[in-house]
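Enquirer: These protein sequence lines map, in sequence, to chains A and B.
Numbering-wise (UniProt numbering), the first sequence opens with residue 1 and increments by one.
Numbering-wise (UniProt numbering), the second sequence opens with residue 1 and increments by one.
One or more hints might be untrue.
Quick partial rundown of chain A residues pointing at chain B, CB under 10 Å, derived from the structure [stated by the list, open to error]:
#, residue
1, M56
2, K247
3, N427
Quick caveat, the hints were computed from the structure, so don't treat them as lab data.
Even for Gly, the Cβ is constructed at its ideal location relative to N, Cα and C.
Spelled out from the first residue to the last, the chains are:
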Amino acid sequence: MQSVREEESSSIDQEPRSCGDNSVWAHVSPLLSAACSDLNECELIHGDNFNLFAAMSALEIMDPKMDSGMVSTFYSIDEAIESGFAPVPISSDRTVDVQCIIDIMDHLLACEATWHMGHSLAQTVFSCIYVLRPERTSSHALLHSFCRVIRATCRALVSVVSDARTNELRACKATSSKRRVFEARRKANDFVFVVCRMMQNWNLYKLIRNWKRAFAKLCYAGYVFHFLHALNCMRRPQGRGLELARKHIAYCIAELESVLSSVEFLSLETVENGKNEMEESTTGSGRHPIGFDPNLNKRLSAPTPPRAIKLLSWKKVGTSKFSAIDYYVKLLHNLDQICAFKLEPDLDAVLQFVVQFQKSRPDLVARAHLQLLLVQDGKLYGRDTFLTICARSLALDVTKNHGLHLNEYILQLNQLMINLLKILCANTPWQRRKLGKILNDWSIFNVQMGITVGHMMQQVTTPRTPKNGDKSALILNHIYGWLEEQIHWVALRFLVLGFDLKLYSPSEYCMVYWYMYIILWKLAEKAHFRVLIIVHTEEQKAKKKEDYSRDMAREDRISLWVLLLKCQTSLAQGLTVMIAALRNEGMCLKSQGPFNTENEKFVQHFGLLQKASLPKYDAYESFSESTCHARLDYLPVYECFRDAQKMAKEIKVGYANDPDKLAEVVGLEQVAEHNIIAVNLLCQDRCLKVSFEFIHHPHFATAVVRRS
Amino acid sequence: MGDKEEFDEGEIEYTSYAGEHHLPLIMSLVDQELSEPYSIFTYRYFVYLWPQLCFLAFHKGKCIGTVVCKMGEHRQSYRGYIAMLVVIKPYRGRGLATELVTRSIKVMMESGCEEVTLEAEVSNKGALALYGRLGFIKAKRLHHYYLNGMDAFRLKLLFPRPHVPQMVSEEQTKPEHEIFPRPRD
Chain A
1 MQSVREEESS SIDQEPRSCG DNSVWAHVSP LLSAACSDLN ECELIHGDNF
51 NLFAAMSALE IMDPKMDSGM VSTFYSIDEA IESGFAPVPI SSDRTVDVQC
101 IIDIMDHLLA CEATWHMGHS LAQTVFSCIY VLRPERTSSH ALLHSFCRVI
151 RATCRALVSV VSDARTNELR ACKATSSKRR VFEARRKAND FVFVVCRMMQ
201 NWNLYKLIRN WKRAFAKLCY AGYVFHFLHA LNCMRRPQGR GLELARKHIA
251 YCIAELESVL SSVEFLSLET VENGKNEMEE STTGSGRHPI GFDPNLNKRL
301 SAPTPPRAIK LLSWKKVGTS KFSAIDYYVK LLHNLDQICA FKLEPDLDAV
351 LQFVVQFQKS RPDLVARAHL QLLLVQDGKL YGRDTFLTIC ARSLALDVTK
401 NHGLHLNEYI LQLNQLMINL LKILCANTPW QRRKLGKILN DWSIFNVQMG
451 ITVGHMMQQV TTPRTPKNGD KSALILNHIY GWLEEQIHWV ALRFLVLGFD
501 LKLYSPSEYC MVYWYMYIIL WKLAEKAHFR VLIIVHTEEQ KAKKKEDYSR
551 DMAREDRISL WVLLLKCQTS LAQGLTVMIA ALRNEGMCLK SQGPFNTENE
601 KFVQHFGLLQ KASLPKYDAY ESFSESTCHA RLDYLPVYEC FRDAQKMAKE
651 IKVGYANDPD KLAEVVGLEQ VAEHNIIAVN LLCQDRCLKV SFEFIHHPHF
701 ATAVVRRS
Chain B
1 MGDKEEFDEG EIEYTSYAGE HHLPLIMSLV DQELSEPYSI FTYRYFVYLW
51 PQLCFLAFHK GKCIGTVVCK MGEHRQSYRG YIAMLVVIKP YRGRGLATEL
101 VTRSIKVMME SGCEEVTLEA EVSNKGALAL YGRLGFIKAK RLHHYYLNGM
151 DAFRLKLLFP RPHVPQMVSE EQTKPEHEIF PRPRD
């Protein structure tokens, strides 16, 4: 390669130019012609560095699927403007002009929603020439101010999302994101002002004639105003603006509904014109908006080949699956959920909230806001250190043990907790992968802390009055126990997310429920141990201080949670034995392919758990031994389901005021009931067909029995 | 186009990649059936480096299916990767894809691969069932993996390794609750 370079450099008509960063730009034509004369047709030079990525990134010039530089309609934005593609004003007829602006607003909101859902900004919002060149619209107050709001909103959201992903630059970036949201809010205010002034200037006759259109504009003004105010309130430190944000969100939802109702009138006109393309349309009226060309920016989306993207339709009509309006309604409800969360300094509550929140599959913008609320300046809600949170969940007092805040294990634990909360706010596929990986970090930390705490506790056991240092050791010992509970919680979350993401095949359910049973059993044990610590500590406090009021609500809450875990443990055990029995009796297919056995599948599914020593022994061997003898007439199958059913009845009473939890427990109870019946039927008739479906609970399967 | 073709399994001929004359056949099949556009470099990258992993299926001289793969080091393991698998619609449901992919996997296994991976769209039920029958598991879900916004599953097939008995210390023996009691006689 060296000699070729030397040769060609002499014949290059254009000198190589340095571009400052140790790399040199050179004219490629001489090299290409030299290479071409050496090659026969269809030959390919393969360099060692020509890997799959290089092959995939290579493009075929003038192939519209690959060549992002290929000119389609316009060569540049200027050319598009010169050809009158995006006129200002759009029409000299005021009524037409207003109609077109409402179409642009509709389309821009559809573009923004599509962008939120993962497509490039260049192909969505920035396909609008009015947004790309805001200076052109300065004479047109309404269009100008709306485009400025959209630009500012995009900037603000980019900041919020990037803040949610960075660790090191948090402090300085957070301020910039807050400032950006604030700027966007100011732009929204300007837009509302423009709309109001326009309404004032219109005489009564015009207003009546155009009242529907005026109303649509007012709704938009109201919507963007409240949306950006809501975001601004949500970014206030320590969740101080959440209450006000909820009010703005409620207005936003109302405004969106009004936009929808006004559109029925506007779309009527289009239907009358015989152009009913509402289903795919990105505007409420069904017309194509003026001034948009998604190909203008496609060069910016390199290095990926340019692909046509499908924008969300503006409104759900007929068979369309999900519209921009649906997206915003879902986003607003998710933001409202976040704002309604009571910022209790209670880790159990936080974890349960995040898990519940993720059930509706919230999109990036909502998840980024939740993460920024939960973790601020290395503290929960920017307010409570994780030592206080952790101590609180054990009913321990750490106010007098100042040294603990600087303890290396507590500092590390703080970091682990921050990472965990951030991961829990991520999209569920990524979340599961990360949870699997961090389990190993947690487990190494657990071993190290166990050794240190073990040494410390040996010194404490000498019978003498406990000193401050001894108290620290005792607290660390309790935290060590709590850490083990957390590890099992993370492992359980990893396992159940597999159901949410549809990673398990029916032939693998047996091993999955076996693993869940092992993890749930241990988690319930650790949580129960925590209840004992809390009860003991609270009793001691009550003995010392007569007027001490015990937090019975907390004790009841944790006890109830332990019972829920035990109920799930019994269900997982019941399902394991039932499926194992069906397999052993040949009523259910075993997981066996031509190239490997169940053992390899087990290793692949649970390798990360086993790496983290969950459990500490050879899990596959234990799984095989414990399931190979199961039979349908084996009584414990019924016992497991009956225990689960009994516990579910008890738990229901405790969760009477919590509709989400109550619904879950009712689901568990139904799974148990149906599976008892199914086992009974299967015992009587071994020719029945059985399948497992998630009709009552997303993670615990119900056996469905059919005659053929 | 979608109508089923009547044929006898014995009429299908399978052949390993045998040179440039096969390339246009592979390209036209993949371009027709898969959503991702590939340049000729991508095809050449695969078939020139791993011709032994590429197979074609013919019926009466017409190319009706193909599989394109690679293998190499990946994070301390030697891994096979199935890049493209296509059988045209009229010939589907008769085990041609299974035969093609099985041939590639066998070569990978004989070449010392420890595992085989690929990605499949979450909605591609046919492919998921096919790979499931061959012993692949869904190891991961990849959020918005394809440029059309769809998620993908990363599928993995682990080959058995020679069994090394583990030393079990006393601490590592199983507590009683974790073993289900034996059934009564």
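Enquirer: Of the hints given before, which are not true for this structure?
Expert: As far as the earlier hints go, only 2 is violated by this structure.
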